[in-house]
Amino acid sequence: MTAITAPGLAGPATAARPRIGREWTLALPLAAFFAVFFVTPLLLLVAVSLYADAEMTRFGLDQYIRFFGDTFNLAVLGSTLLLGVKVTALTLLFGYPLAWLYTRSGPRMQSALILVIILPLLTSVVVRTFAWIVILGRDGIVNNLLLSLGLAETPLRLLYTEGGLVAALVQVQMPLMVLPLITTLSRLDPNLLDASAALGAGPWRGFLKVTLPLSLPGIVAGCLLTYAASVTAFITQSLVGGGQMLFMPQYIYQQTITLHNWPFAAAISIVFMVSVMGVVMLFNLLGRASKGYVHA
Amino acid sequence: MTLDRRQILAAGLTLGAMSLFPGMSWAQARKLVFATFTGSWEEAHRDVIVPHFRKATGNADIALDPMLSVDMIAKVSAAKANPPIDVMLMDPGPRLSVIGQDLAAPFPVADSKNYQDLLPVAQLPEGPGIFFQAVGITYNPEKVKTPPTSWDDLWKPEYKGRVGITNMNSTLGTAFMVELAKTRGGGENDIEPAFAALKELQPNLGAVAPNPGALATLFQQGQIDISPGNFNAIQILRARGVPVEFAKPKTGTIAFLTTAHITKNSPNAKLAAALIESAMAPEVQTKLMQAPFYVIPTNSKVRMDGDIARMIAKDQEELKASFVFHDWSVINQNRAGWIERFNKEIKV
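Residue numbers (this note's numbering), protein chains in the order written: chain A, 122 to 417; chain B, 34 to 381.
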């Protein structure tokens, strides 16, 4: 190891050459931290999931067989993954114009917008979720408005419904979508749009052929963050979703804390993790494909 | 004197580690950790039990760590040899898991001054009952004009969309289902009637709350007007000016004991016993019974008064007559299956 570094330090002439020196040792503290606090617990989780019974006496794949053998479990997994898709799609739909507006605004408007965008991040997720209970309740803002406008005769059920949950999650996760979008869109060269206009493209065509493809990396990053955050949003899911809508995070909580069935909880945690990783990899593939598209 | 980067780094890391793991700095046993319940329970225990305990033990060091019974079990069973908690509070279901998993040390009954004065039902050597919790019908008196008298009132058509329940994750939700089964010909071993009844209740259901705390919030929001509810949760809401009342069903108030346990392998077992002794003392329980805590006493020497006498029982005789206890040893055996069924069948 010491032999390698010596010539590298000889003079500025070699500085430009990529070196394999001792720099990697800089990463050791973080690597050790990850090994102790991330990899080890994960391996423990896998080990616990391989116990066949709740008392943890024998090994076997029983927990996984139990999970995949019951359509109810698959439905819970499916509805959780689908919830993430719905939330991500809506956040993108609302977030994209917002990010676009930001990049097109003057500095004063920009600082106002960034405050609005970041503000939710500065409030605790519990507080934001409780605010949604107030908004969606029987006596809440939405219902009162509908009743006073005569659009509904009796209060609508909004709280503890999937629609309400999606709305709340979209608001809660919005900054995670908008911030990466702003980063990509601000880096976009405005001359490109002018050029496309000069070549005869209308605003929509310009958007579809130039802006959208070039902002794909931001879209992918935003979708990744929003998706991962919304499928695992335990607090919002349980407080706005209620006690009878079951998603994976509550299912894991129920099995561990209420029923002490740690092996089953570990098994469904791993199934959930692998599924979310699968979706994330799909997004990543999309991102990689988009890069090829942009450079073509 | 010169300090090089290495020395500064080492010193910094040591300081950081010491603040991350304060236990390293002190070799002796830590202070007594009392895992109490969250919310107003913690306040009650901090204000009444802790001062009494300090006086009795010559200012022994104590820390309160509020959490749910099930969380206490998770923490203690994850570190059996060196538990982070010395005194645990248990609802009846979790209590049996604690005993079953051998996580509690027996209470030294022979050395206790107050144990013999507890009501017989609270005299449990594995961990005595230090207060009762009561579940009855809670309702908003501004919206529900005739005070309910029976569980059957929840099925009245005029409460369409205004009834709240919790799912079976909580003691409250499970106790309600068992009581429902009992009033309709079933019981701890036959939950079928309760599920059938719940299906009939569906048009009335306005909310299935994920936990009792969320259920209480729903009264505040006007989302629901009537529900099964815990007496103490109602008192907290009343104190905040929420219009909500507690009614005893004619078939009896569902009651369960909250027991206090010394954690097995606790380095502070003596102090833990002293804390439980304080919690059983008649003067402590008398204070806890009054506003703003309204904790139902288990010590027979406590004279019932105030809201407890008015809304729960005027004396221990009435308490015995009006309280319904469930057999949690049977419930625990069936509970996982019930929860699974509830997950699948109950949709609003």
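One should not assume that every hint holds.
What the hints assert, rightly or not - Pairs of lysine to aspartate or glutamate residues, derived as DMTMM-like cross-links and limited to a Cα-Cα distance of at most 25 angstroms, are as follows:
# : chain 1 : residue 1 : chain 2 : residue 2
1 : B       : Lys176    : A       : Glu176
2 : B       : Lys377    : A       : Asp260
3 : B       : Lys189    : A       : Asp260
As the list claims (entries may be wrong) - Residues from chain A shown here face chain B by an in silico Cβ test under 10 angstroms; the list is partial:
#  : residue
4  : Tyr185
5  : Thr244
6  : Ser269
7  : Leu272
8  : Leu280
9  : Leu360
10 : Tyr372
As the list claims (entries may be wrong) - Over 12 angstroms on every C-beta distance to chain A, these chain B residues come out as not near it, computed from the model:
#  : residue
11 : Lys64
12 : Pro127
13 : Pro141
14 : Asp185
15 : Lys193
16 : Ile198
17 : Ala229
18 : Pro243
19 : Gly246
20 : Thr250
21 : Gly255
22 : Asp258
23 : Arg336
24 : Ala354
25 : Lys377
No lab work stands behind these hints, which were simulated from the structure alone.
Predicted model, so just to flag it, every value in this text is computed and none were measured.
We put the beta carbon where it would ideally sit given N, CA and C, even for glycine.
Going through the hints against the structure:
1. Lys176/B with Glu176/A: 48 angstroms, violated
2. Lys377/B with Asp260/A: 29 angstroms, violated
3. Lys189/B with Asp260/A: 22 angstroms, holds
4. Tyr185: 17 angstroms, violated
5. Thr244: The hint is violated - Thr244/A has no Cβ within 10 angstroms of chain B, the shortest such distance being about 18 angstroms.
6. Ser269: Where the cut-off is 10 angstroms and the nearest Cβ of chain B is about 16 angstroms from Ser269/A, the hint is violated.
7. Leu272: 18 angstroms, violated
8. Leu280: 6 angstroms, holds
9. Leu360: OK, holds: Leu360/A within 10 angstroms of chain B, min 6 angstroms.
10. Tyr372: 8 angstroms, holds
11. Lys64: 26 angstroms, holds
12. Pro127: Check fails; 9 angstroms does not lie beyond 12 angstroms.
13. Pro141: 28 angstroms, holds
14. Asp185: Given a closest Cβ separation of 22 angstroms, the condition holds.
15. Lys193: 9 angstroms, violated
16. Ile198: 8 angstroms, violated
17. Ala229: 17 angstroms, holds
18. Pro243: 4 angstroms, violated
19. Gly246: 10 angstroms, violated
20. Thr250: 7 angstroms, violated
21. Gly255: 3 angstroms, violated
22. Asp258: Incorrect as stated: the minimum Cβ-Cβ distance to chain A is 9 angstroms, not above 12 angstroms.
23. Arg336: 38 angstroms, holds
24. Ala354: 32 angstroms, holds
25. Lys377: The claim breaks: Lys377/B does not keep its Cβ more than 12 angstroms from every Cβ of chain A (closest is about 5 angstroms).
Checked against the numbered hints above, the structure violates hints 1, 2, 4, 5, 6, 7, 12, 15, 16, 18, 19, 20, 21, 22, 25; every other hint is satisfied.
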